[in-house]
Amino acid sequence: MQVSVYRYNPEENTESRMQDFNLEIPRGKDLMVLDVLELLKEQDASVTYRRSCREGVCGSDGVNMNGRNGLACITPLSDVVKGDSLVLRPLPGLPVIRDLVVDMGQFYKQYEKIKPYLINDEPPPSQERLQSPEERSKLDGLYECILCACCTTGCPSFWWNPDKFVGPAGLLQAYRFLADSRDTATEERLAALEDPFSVFRCRGIMNCVSVCPKGLNPTRAIGHIRNMLVKRVI
Amino acid sequence: MSNTPILEFDAIIVGGGGAGMRAALQLAESGNKTAVLSKVFPTRSHTVSAQGGITCAIGSEDPDDDWRWHMYDTVKGSDYIGDQDAIEYMCSVGPQAVYELEHMGLPFSRTDNGRIYQRPFGGQSKDYGQGGQAARTCAAADRTGHALLHTLYQANLKAGSVFFSEWFAIDLVKNAHNAVVGVTAICMETGEVHYIKARATVLATGGAGRIFQTTTNALMNTGDGTGMSLRAGFPVQDIEMWQFHPTGIAGAGVLVTEGCRGEGGYLINRDGERFMERYAPNSKDLASRDVVSRSMVLEILEGRGVGDESDHLLLKLDHLGAETLHSRLPGITELSKTFAHVDPVKDPIPVVPTCHYMMGGLPTNVHGQGISLDKDGNDRIIEGLYAVGEAACVSVHGANRLGGNSLLDLVVFGRAAGLHITDALAEGMDSLEASDNDIDAALSRLNRWNNSSACGESIASLKKELQNCMQFNFGVFRKEEPMQESMRILSDLRERISNACLTDKSKLFNTARLEALELDNLLEIAEATAICAEGRKESRGAHARDDYQERDDENWLAHSIYDPQKKQVGKRAVNLKPRTVDPFEPTARSY
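Same order as they appear, the protein sequences are chains A and B.
Take 14 as the starting number for the first sequence in this note's numbering and just add one per residue.
Take 14 as the starting number for the second sequence in this note's numbering and just add one per residue.
Derived from the structure by calculation, the hints contain no laboratory data.
It is possible that some hints are incorrect.
SDA-like, lysine to any residue: derived pairs with alpha carbons at most 25 Å apart [claimed, not checked]: (1) Lys550(B) / Ile502(B); (2) Lys477(B) / Ile218(A); (3) Lys520(B) / Ala58(A); (4) Lys151(A) / Thr337(B); (5) Lys42(A) / Ser474(B); (6) Lys54(A) / Leu515(B); (7) Lys177(A) / Ile218(A); (8) Lys139(B) / Arg602(B); (9) Lys520(B) / Glu24(A); (10) Lys177(A) / Leu191(A); (11) Lys210(B) / Asn16(B); (12) Lys210(B) / Asp436(B); (13) Lys518(B) / Lys128(A); (14) Lys128(A) / Phe54(B); (15) Lys518(B) / Arg216(A); (16) Lys128(A) / Leu170(B); (17) Lys54(A) / Ala467(B); (18) Lys122(A) / Gly204(B); (19) Lys518(B) / Lys550(B); (20) Lys227(A) / Pro175(A); (21) Lys518(B) / Asp57(A); (22) Lys492(B) / Val355(B); (23) Lys128(A) / Met241(A); (24) Lys42(A) / Glu478(B); (25) Lys477(B) / Leu36(A).
None of the values given here were measured: they were computed from a predicted structure.
Just chain A, with the same shape it has in the complex:
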């Protein structure tokens, strides 16, 4: 199989390039894309990418595989290889540090902006705060986000306004706290989101939904936030 990898190391070269590798794939085995990267690194130790858990929960190895964002460790070659070739590029829309490693700073900044923590200034009870299974179920599909950035870096609105549009991952978490029966900062949270950019730059094209490796639906969460913002003014 031919694997073409985006290479960039500003120490050595000011321009990026694609490097082709020919790789023997063991027959009868459906390797993950991360396995392929590990094989390449054995050939050439300078090939650079992030990885850790290798089971799709840590969110380190978001990359662009044949044009589609996803996690290398849980993407089997059979899902992504077209013909006999695989093109690996860094997640789009963020500055590249080296090869497949992008600078996630802007992504994390948008996450921090939405105050991703429970706000409740009432003194806590001596035990847990009670929450019914129905209230808790509102957090399903929200809290599972692994911050891999596949969604946000697949969103053209984020490409255009990475400093002003929170992006699907940040907004999913914004709604995770808006939806939590234990959080008391709804008004404060909505006020921080009502400008024309933070939420409303979402055009609903659902790239985020189609690439989310955890099967989450940021577009639906954004819809809920829009509804809350609209109800707040009428």
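On the provided structure of chain A, position chain B as indicated by the hints.
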């Protein structure tokens, strides 16, 4: 002369997993100048992979539940070499630590009356083993570790903690008095090296499952803190005790939570027999992990394994129904489809015992303070050094950890270390400054790699050899001769690694350099494991020997303690003196 730039803090925490972040939170909320140094962005730490839950007697499932019952189970689970003062502390403080997590926003699953959902886990009982199976593990579906880690990161953001994400600690810096005064570290993004000076240094670097070829651990679990502290001449305790989790997905090594069996799943062999009924008539599939793993290996050795090679067994879940699997075990459903191509709603998951957890580590007291032995064999506090979580051996897990106790360990002892350091700082804790030579000493191995010249052996191939050696000789059952042979192999590998070279010497985000530095750490831990496993001449907990099949309380009701300078294993007394309850005396252990 060292011209290394210096960053200065009250406390530096090495590792951004659950234990490190819980310690950081305690310190930041107390107004100390604290930083967390992590080789990955904190939410990528391996705590994220914990699934089933956090065990704690909060009395949600059973209002009569008692932390003393949890303590009894944990002491028994440890095969009696867990320290009873530490276990007492963990089990009694546990509820408060869990409620704090809930108050921070951890999205626990709930019972109908709105309390935290608890599920049964292995080795749990009511009424000191007399009242049947308990359900004591607090869960957020089967993603408890993920929920816990993200919640702690969020709480740290709120508290304003300082993070050095994607920084790698190289070695401990020691002053002329042998006290620890910080670490040397490399910033991955720029390649710049710094001395991070601190009055307290906390190792929260997790386990080192990657000394094995197959493990449930993340690729980055290379025991960096443990390696650093061994190189600094400090001991490790009970490092021969490696837990094999009964249910790693065969071939992939990915973890399938014990919560599957807690929810009613069970193991079957090639005949479809629920074989755990034979090995553990009372607890069956919810016996301790060491017991279940040994039973599984025996089934396989006796020819009742499943598959073309008869090399694994099956975890049956389909009888639980789609609804339970989707609400209680959604992550498992996903993992087993991805890595075993099996939908557990319809078919059983192929599983095999897989290296999962390092019970050993730097010995500490309940405040997380590191301990070494003086020349007379008495405990001596290592000034300036703390350890928490899997990197520490406090020891609450002894020879075998109970499921759900690791997350509790993280938050209870992360918190305890934070409290102790806060007090110590307030009392003026300080040490002699490190000299330039002291700092340079902590950069020597980095310089060795940076100056290595072209040679034959690659880092990747040496790592594979090390992992092979550990995989085949230090598994569920161990034998004298192969262990002795391994000690020779590892000693030879040390020589070869010291001559290996780094091919990529670039500065920016150099992961090849990172892997070289990790290999040094793997080697330290592998060698300590081999020497201690060979030295403990009995079978206890996770350490099962063919030549010494019985537990030997007369000689080995003790911690092993490894001296890295002499490469020798000695003994350290187990604490059998809890403060508020009567000690649990060692008895025969059955489930």
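Status of the hints after comparison with the structure:
no., hint, in the structure
1, Lys550(B) / Ile502(B), "holds, 21 Å"
2, Lys477(B) / Ile218(A), "violated, 46 Å"
3, Lys520(B) / Ala58(A), "holds, 14 Å"
4, Lys151(A) / Thr337(B), "holds, 18 Å"
5, Lys42(A) / Ser474(B), "holds, 22 Å"
6, Lys54(A) / Leu515(B), "holds, 13 Å"
7, Lys177(A) / Ile218(A), "holds, 18 Å"
8, Lys139(B) / Arg602(B), "holds, 16 Å"
9, Lys520(B) / Glu24(A), "holds, 8 Å"
10, Lys177(A) / Leu191(A), "holds, 20 Å"
11, Lys210(B) / Asn16(B), "holds, 14 Å"
12, Lys210(B) / Asp436(B), "holds, 19 Å"
13, Lys518(B) / Lys128(A), "violated, 40 Å"
14, Lys128(A) / Phe54(B), "holds, 18 Å"
15, Lys518(B) / Arg216(A), "violated, 45 Å"
16, Lys128(A) / Leu170(B), "holds, 8 Å"
17, Lys54(A) / Ala467(B), "holds, 18 Å"
18, Lys122(A) / Gly204(B), "holds, 23 Å"
19, Lys518(B) / Lys550(B), "violated, 45 Å"
20, Lys227(A) / Pro175(A), "holds, 23 Å"
21, Lys518(B) / Asp57(A), "holds, 13 Å"
22, Lys492(B) / Val355(B), "violated, 35 Å"
23, Lys128(A) / Met241(A), "holds, 17 Å"
24, Lys42(A) / Glu478(B), "holds, 23 Å"
25, Lys477(B) / Leu36(A), "holds, 20 Å"
Consistency note: the structure conflicts with the earlier hints numbered 2, 13, 15, 19, 22.
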